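Trainee: From just these sequences and the hints, can you work out the full model?
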Amino acid sequence: MLLASLPAAAAAQSTAPRSVGKDLMMKDLADLAGKQAVVRANEYPPGTSNPPHRHNAHVFLHLLEGQLIVQVKGGQPVTLKPGDTYYESPSDIHVVSRNPSASVTAKALVFMVKDIGAPATTLVTQ
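Take 0 as the starting number for the sequence shown in numbering that gives the first Met the number 0 and just add one per residue.
These are computed hints drawn from the structure, not numbers from a lab.
Note that this is a predicted model, so its numbers are computed, not measured.
Do not rely on the hints blindly, as some may be mistaken.
[As the list claims (entries may be wrong)] Result set (DSSO-like, lysine-lysine): computed pairs, CA atoms no more than 30 Å apart in a straight line: (1) Lys21 / Lys34; (2) Lys26 / Lys80; (3) Lys72 / Lys21; (4) Lys80 / Lys21; (5) Lys106 / Lys26; (6) Lys34 / Lys106; (7) Lys106 / Lys21.
[Stated by the list, open to error] Okay, the calculated beta carbon distance ranges per label pair: (8) Pro99 / Asp27: 35 to 41 Å; (9) Ala29 / Ala101: 43 to 49 Å; (10) Asp30 / Pro51: 28 to 34 Å; (11) Ser90 / Ile115: 18 to 24 Å; (12) Pro76 / Thr124: 19 to 25 Å; (13) Pro44 / Leu122: 16 to 22 Å; (14) Lys72 / Gly33: 24 to 30 Å; (15) Ser48 / Asp27: 20 to 26 Å; (16) Ala36 / Ser100: 28 to 34 Å; (17) Leu31 / Pro51: 24 to 30 Å; (18) Pro99 / Ala40: 29 to 35 Å; (19) Ala101 / Leu63: 17 to 23 Å; (20) Val112 / Gln75: 31 to 37 Å.
Idealized CB from N, CA, C, for every residue including glycine.
Mentor: Below, the structure written as structure tokens:
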């Protein structure tokens with residue numbers, strides 16, 4: 000769902016568009032040793048389909064525009080609409096993250112709490 004930035008090699012494996020994220024704020028959390036909060040704006044162009052990944056973070060996504068279909072391993076697909084909020088735990092593997100629209104970009108505000116210095120997104124094999 001919340002694809003921060005994929006390694007170039009993975010992006011080259013497919014011609015499908017990927018989500019694009021822009022960090023709005025990163026802040027080390029003094030009261031939570033070793034943790035960092037990240038606030039980002041994500042855009043999912045029409046037809047976006049991200050590969051399986053995990054965030055190793057607590058992730059909260061609030062959909063602002065468009066639709067997004069998300070699913071974590073072992074869970075059911077969920078279709079998010081504007082105003083919907085979705086949570087992923089640090090152990091979740093995000094197996095579906097796609098914009099079903101052929102014409103509308105989905106936009107989301109994402110908040111995550113992760114280990115300082117850890118990558119925001121890691122690709123996984125299913």
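Trainee: A separate judgement is required for each hint: does it hold in the structure or not?
Mentor: A quick look at each hint next to the structure:
1. Lys21 / Lys34: holds (20 Å)
2. Lys26 / Lys80: Measuring from Cα to Cα gives roughly 29 Å; hence the hint holds.
3. Lys72 / Lys21: Roughly 26 Å between the alpha carbons, so the hint for Lys72 and Lys21 holds.
4. Lys80 / Lys21: Holds, at about 21 Å.
5. Lys106 / Lys26: holds (22 Å)
6. Lys34 / Lys106: With Cα atoms ~26 Å apart, Lys34 and Lys106 stay inside 30 Å; holds.
7. Lys106 / Lys21: Holds - the C-alpha atoms of Lys21 and Lys106 are around 11 Å apart, at most 30 Å.
8. Pro99 / Asp27: 35 to 41 Å: Holds: the Cβ-Cβ distance is about 37 Å, inside 35 to 41 Å.
9. Ala29 / Ala101: 43 to 49 Å: Holds, at about 46 Å.
10. Asp30 / Pro51: 28 to 34 Å: holds (33 Å)
11. Ser90 / Ile115: 18 to 24 Å: holds (19 Å)
12. Pro76 / Thr124: 19 to 25 Å: Once the Cβ atoms are compared, 20 Å apart, the range 19 to 25 Å for Thr124 and Pro76 holds.
13. Pro44 / Leu122: 16 to 22 Å: About 19 Å separates the Cβ atoms of Pro44 and Leu122, which means 16 to 22 Å holds.
14. Lys72 / Gly33: 24 to 30 Å: holds (26 Å)
15. Ser48 / Asp27: 20 to 26 Å: violated (33 Å)
16. Ala36 / Ser100: 28 to 34 Å: holds (30 Å)
17. Leu31 / Pro51: 24 to 30 Å: holds (28 Å)
18. Pro99 / Ala40: 29 to 35 Å: Violated - the Cβ-Cβ distance for Pro99 and Ala40, about 20 Å, lies outside 29 to 35 Å.
19. Ala101 / Leu63: 17 to 23 Å: holds (19 Å)
20. Val112 / Gln75: 31 to 37 Å: violated (25 Å)
Checked against the numbered hints given earlier, this structure breaks hints 15, 18 and 20; the rest are met.
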